[in-house]
Structure formats: structure tokens, C-alpha cells
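Peer 1: Take a look at the letters that make up each chain.
Protein chains: 2
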Amino acid sequence: MKHFSVALLGFGTVGSGVYSIVSENGAQIAHREGIALCVSRILVRDFDPEHEPNLHLAPRALFSTSFDEIVNDPAIDIVVECMGGIEPAKTFIIRALEAGKTVVTSNKEVMSKNWPAFEKAAKATGAGLYLEATVGGGIPIIRTILDSMQANNITRVMGIINGTTNYILTQMTESGQSFEDALKEAQALGYAEANPTADVEGYDAMYKLSILSSMSFHAHMPIEVIYREGITKLTKADFETAHLLNYRIKLLAIGKKEGNQIEVRVHPTMIPITHPLASVRGVFNAIFLTGHAVDDVMLYGRGAGCMPTASAVVSDIVYACHHDKQHKYMTFVNEESISSEIELVKDFHCIYCIRLHVADRPGTMANIAAAFAEQGVSLKSVIQLGENDGVSSRITFLTHAASEFGVNEALKKIEALACVNAVESMIRAEE
Amino acid sequence: MKHFSVALLGFGTVGSGVYSIVSENGAQIAHREGIALCVSRILVRDFDPEHEPNLHLAPRALFSTSFDEIVNDPAIDIVVECMGGIEPAKTFIIRALEAGKTVVTSNKEVMSKNWPAFEKAAKATGAGLYLEATVGGGIPIIRTILDSMQANNITRVMGIINGTTNYILTQMTESGQSFEDALKEAQALGYAEANPTADVEGYDAMYKLSILSSMSFHAHMPIEVIYREGITKLTKADFETAHLLNYRIKLLAIGKKEGNQIEVRVHPTMIPITHPLASVRGVFNAIFLTGHAVDDVMLYGRGAGCMPTASAVVSDIVYACHHDKQHKYMTFVNEESISSEIELVKDFHCIYCIRLHVADRPGTMANIAAAFAEQGVSLKSVIQLGENDGVSSRITFLTHAASEFGVNEALKKIEALACVNAVESMIRAEE
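Protein chains in written order, with the numbering used here: chain W, 1 to 431; chain U, 1 to 431.
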């Protein structure tokens, strides 16, 4: 039986979940995996229960406020970082790797912003670096990409990877709530933070997409190259439009690769109600992969929460023990900027759903249609609904796949038309 | 760079897919994984293109009709069995393992019927034994159970693991086809065999459930202990009943574990339309796992077909190369019969949907309800619809979770009631 000693950095939701699994299922893991795990140190800020509400969950002797004590302890094999945020997580991860300790992290922000530096430090000492818990909570998406898709050229990764926004969008879809009301409800239920920016503006999904797309496409996709748009501007009218067209609105993280061209984007997206991602409701996450051999594969589960995330962390710990001193590092060039071999696509090519408020008079449709045609934008569906005022209409256009630059040019001209009161919304769609 | 030499046994759909991936993506796999793969021998029955229609897909020099030549060749590291059926697959797998060669197989029937013997032979020489491709085609369900769920006690595995029957059931649901018509269509499209018994009677799903539940519950569940019921008796009326209750009918493979009690069963099952498995349409497969830490996880994808299954086989080959001479065998007692530590549940406890054809007269409902009550079967929903004849009705009962033995006792009494013309159907439901 091999013995491994684990230190936890942080004892919040994830850290306490990891401690509970190792304590309660340690004997079973030892029996099944031939590995004896022991949490021998837990780093906390201080011993004030106001800052550290989980102190009562583990023996006092395990806690320490000194990272030095942990990093200098030769008996510690694996350091689990579940503090969140950038500092001191970043410094601690680098120092642990430099000390030759394998690091397991659940922190997508620090990981996506410092991956090249972490990987460099890990390679220098042969330490392992595991990050299953950074994306999709308990969903084994990273292991699937690395250990089950080796035969594939992955051409697309597309997912619902933020539970907070998916809860809000589900409420807006199913209960007709406004964004503000749905957000308040999510906050009351503990699904959204007091400051919800990281979730609702798409930053969290962007961090995760950077990791997912880098692994899927074997090329580092830093967060700076990801197009990002949050869900704060969505209105009830957008959900009515989606309903009318048999679509759902989801905050999708999308990566596509064709040859050396890659596009990566996070934005509200309409998908047909028959698409498997459309039925992912509430705080659940799901990630769709397309490989040239496997075709479409989807993984679904709880994208956050104490035990699901801890499940992924413990899975990484066990995996790390089995692969001690044999860590497989990324084989792509992991530099801070995007590789020069990759051509970043900025002119997306997708379906656009555009809603206009127009004056109800002869020539309106002809002028608008001409502006689209001029830019080569072909229309798939057009729905015009007259308003009660008798003088204006709302027109919804669903395009065929089109150049985003072309669509934007067309919309500039359309907005300037005398017959157009407003371009109310433009939402991208995927099939 | 480590070099590995692979022999394929069988060159049908799966074998030719594996050859194509290794040929076309070999350089990429070498770059990313540090492993050079080479298919150096392909076993075929003979050189008659009528028996072996894929002969033109590989150089003639690779083909052989002699298994001896392959098993005696010390240069061959890995033997991929993708012949299907029991013999000669069984003999070849045992002989390859006895010769110390790692075996990768996509053959669920031979695997589920001979797992203990295969594992014993593998352990004796230290050979690897990999079977990702036996369940769910390209869906990485085996790897997920083994390498991502180590922190969990898996309490439930539930899935759509036969694409043929799922196609037929989707057609019966969406187009109102009869079983016979939907089967004919599936045969015309190549989704069902000329002799469809293995699929429509649930044998194929049973083989896969034996593998899935054994791995999930860490206890060998031989096929003999699995309750099996096919889809051939389902009628249009059953689908109308399901529609009325907002359910879908799927052929589910279900395993549940509570303490040392395990139940394993394959049968038509009603699930609510909001359940993620309900929207798995056509030939797609999906498997739902419930772990005490991770909660619900679902994996979805193509459960069969040349390239998806080959994707799983190649993933096993690469994994085997990385774990050469370090294979992790099952840690449960892998004997032919079920372990004496396990208590096999025969009295299932689930929801039952029962449809009766009854005489429309006073006392009918009272008598039937009394028979259920006597057995402690509590009713959740009752829908009575009078027939056009004015003298008879159809009544559909949806029970709360109940003992199957109790339900069967109640149905015996109900069937004997003068007011009951027929017990038309009894379908189990899951939530």
C-alpha cells in the first residue's frame, strides 16, 4: 500500500468536502485503489470562526496558518488549492510546484490566468498539476478530453459551464421573470454572489472556456483572446422571441477549430429546443464535445457545490497518486500569448436572430431586406407582428449562417433607415 | 518514444475503424501521447470479399488467417478483439492473455459471459484487459467509473444502452408507429439486424448492464442475476398512456445499490419527460450515474457505429500503452457466481403504471382500489376514460413506489374480479 499525505489550502466549501470524503471514504479508496490517503495539514487564514466557519469539521491539530510550514514539510506529497481568487493562491501554487509537490486545484481563475507559469514550475521539478475541478464541478470533462478522446481531432466544444447564469436563464424562460428578479432569487438561494459580476458578465465561463478549449484544441487559448458577453441585457422580449422560434436562450461557452483557425466565445446563445443542451435546467452544467471519430458526446452534471467539486478533487488526488512522478504535461506550447501557428477567428460565422422595431409602412421590409442582401446575409425566417398602436411592428429575422462583420455592417445601415425605430436585439444561434 | 505493435482480430465495422484512426491519426497520437502505434497484423476468416468486405481498406500484407501466427509473435504487444460472438473470440482472448498480451475488446457478449476467466488469465501474466468499447460505443463511461468516480459510493446506474431499441421506441413515441413497423424501418436503415432478438429482447442491454453494474458497485453481477424484459409487447396504447401522464417509454438498464443489497434489471421503463434520459432520441445512448458525492452525472453520445466505437478502442489502446505492466485489475472478487456478501433484490420497489380494461358499472373502482390497498399499494394517479361502447372503460393507475411482489399479488386478485375484462399492461416507472 502506497501512502500519500495531502495538505489542503483553504477550508471553505470545497476544502471541507475533500476532507469529509477522505475521512469517510478513505478506507474504501485504500481497498479499491491500493492508496492510503491522509489529510495531514489544512491551511486557514486564522482561527476566527467568523472567517473560517468550518473549523469544527476537523481536529484542531490539523489546522495551520503558515504556508511555509506546509511547503517545507517533506512529508507532504500533494497540495490541494481550493482558496479561490488570485493571491495568495498563485504564489502558493508556484511555491508548492517549485518544492516538487503535486498540485490539485479547483480554482479556474488563477489557473486560466497563470497556466503557463504553473506548467513551467511543475515541469522543472516533475510535479503533477491537476485541474479537473476547475470546470464543470463533478463532471469528468478534463479526464474525458485527456484520457478518452486521444483518437479524435476535437472540432467543437460547447457548453453550459456556469450554473448561476443557467439558473437565472431557466427562471426567465420558465417563469417569465425579468433578469433582475431572477438574479435576486438566485442570490436568495445562494446560487449567486452578492456581487454577481463574475457570473452574469461571463467571466467565470471565460476562465473555464480558456481551460477547456486549450485542452480540446491542443493550443493554449488565453482568456484575452476569448470574446465575452454576459446575460445582463437580455429582456423578456428576447425570451418571447426564442419561444416563438422554438429555441432556448443559454449562456454558452463555444470553441470551434477548423484547420489552424480557432474561435472562442462566451455569449447568450439560442439553441433549438431539441438540442440536448436546451434541456439542461437550473444549476446543472453540460458540455458537448465533437470529435471527428466519436462524433457528439455530452457530459452532464452538477457544475458546482461542495461534494460534486470535492468528488473531482479527490479523483484528481487518486489519479495523481497512481501517476506519481509520471505526470503527462500538455504537449502544446503553453505560452502566455496564443501560438503563432493558430489563426484566431474574429469574424464569427453563425446564425443571427435580430429583432427590430419598425414603422409599419410600405417599403419597410424591402429596405431592410436589401440591407441584409447587400452584405450577403441570407434570411431563413422572418416573423412580423404588428403592434397594438397600428403604426409600428416588431420584426424578427433569423439568418442562415452568416459573417458577423457582414451582419454588423447591415445593422448599421438598417439602424440608419428612417423606417427603423430601433435594433432591439441581436442574439447568436447555434444548431 | 515508446513503440507498440497492435494486432486486430476481425476487420468488420469496428476493426476497420480502428485501422483507419491509427493510420490517419497515428502521427498526432505519437506527438501528443509519446506513443508510436502500429497495426502490424489483421486476422480475417479468409480472403473472400463476400465474407470480408473491408479487405481493400488495408495492405494485403497485413492480413492473416492464422491466430497462431499472431499469438506466437513476440513483437505484438496488444491484441484488439472486435470479432463479436462467443467463439472463437473467447479462445483467442484467453490465449492472447496467457501469452502476456494486453487485450482490448469491444465484444460485450463474450466479456460479460467470461469476465472471471479473462481476468484470471490476465492476472496470471500481468496482461492488461480493457473494455471501454463494450458499453456505450464512444461514450467514455467505463473510464469515468474507474478513473473519475473513486471518491464515490455509486448507488445507481441507469441508462439507455441499446441504440436499436431506442430508435424503435423513439419512432413509436414520435410517429405513433407499431412495434412491427418501427422494427422494419430500423432494419431497413441498418440499425437492427435481420434477427433482432439480441436487441429487442434486451440481451444486448443485459450484457452491458452486467459490465456497468459490476464496475459501479464493485461486485461481479453475472448476467444470470439480471432481470430482463424486452420491448416486443409494447403497444400503441402504452405510448398513449405514457403521453397522457407526461412520461416517455425507454428500454432502461437499471442497477441500484443500498448497503449490500443490489438490484439489476433491463425492461421498458416510463420516465418523466423532464428527466434528461427522456430526451435521448434515436440511436443515441446515455448513462446516468448517481454517486454519494458527485450526485447525478450523465454521459451521452453515439452508442454504436464504426468510428465512435473505434474511438473508444483506440482510447483503450493508448491508455494501455501508458499503463504497460501496471494494469489495475478489478478489486472485487470476480467469480462466476455473485458474491455471497451481496444480497440480490428480487422484489423491486418502484412505481408501476397499470392499465386495466373494465366493465363500466358501480363498484368497479371500489373493488380494484381495495385489492391494491390490501397489498399496501398506494395510488398516485388514476385516470379513467370511458370507451365508446358505453359499457366498458380503460383505467390507468400510477402507483407510488411499491413492492413488485405486492403489485403482482394485487393484479392476480384484480384479474379475477368479475368487473375486470383484462389487465392490459404493467410498466415500471423511475423518477
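FYI, nobody ran anything at the bench for these hints, they're computed from the structure. Just to be clear, a hint being listed does not mean it is correct.
Treat identical chains as interchangeable: a pair holds within one or across any two.
Pairs of lysine-lysine residues, derived as DSS-like cross-links and limited to a Cα-Cα distance of at most 30 Å, are as follows [as the list claims (entries may be wrong)]:
(1) K184 with K90
(2) K184 with K236
(3) K328 with K380
(4) K236 with K412
Peer 1: Could you run down the list of hints and mark each one as holding or not?
Peer 2: Going through the hints against the structure:
| no. | hint | result |
| --- | --- | --- |
| 1 | K184 with K90 | neither (32 Å within a copy, 61 Å between copies) |
| 2 | K184 with K236 | within (16 Å within a copy, 46 Å between copies) |
| 3 | K328 with K380 | neither (47 Å within a copy, 54 Å between copies) |
| 4 | K236 with K412 | within (24 Å within a copy, 54 Å between copies) |
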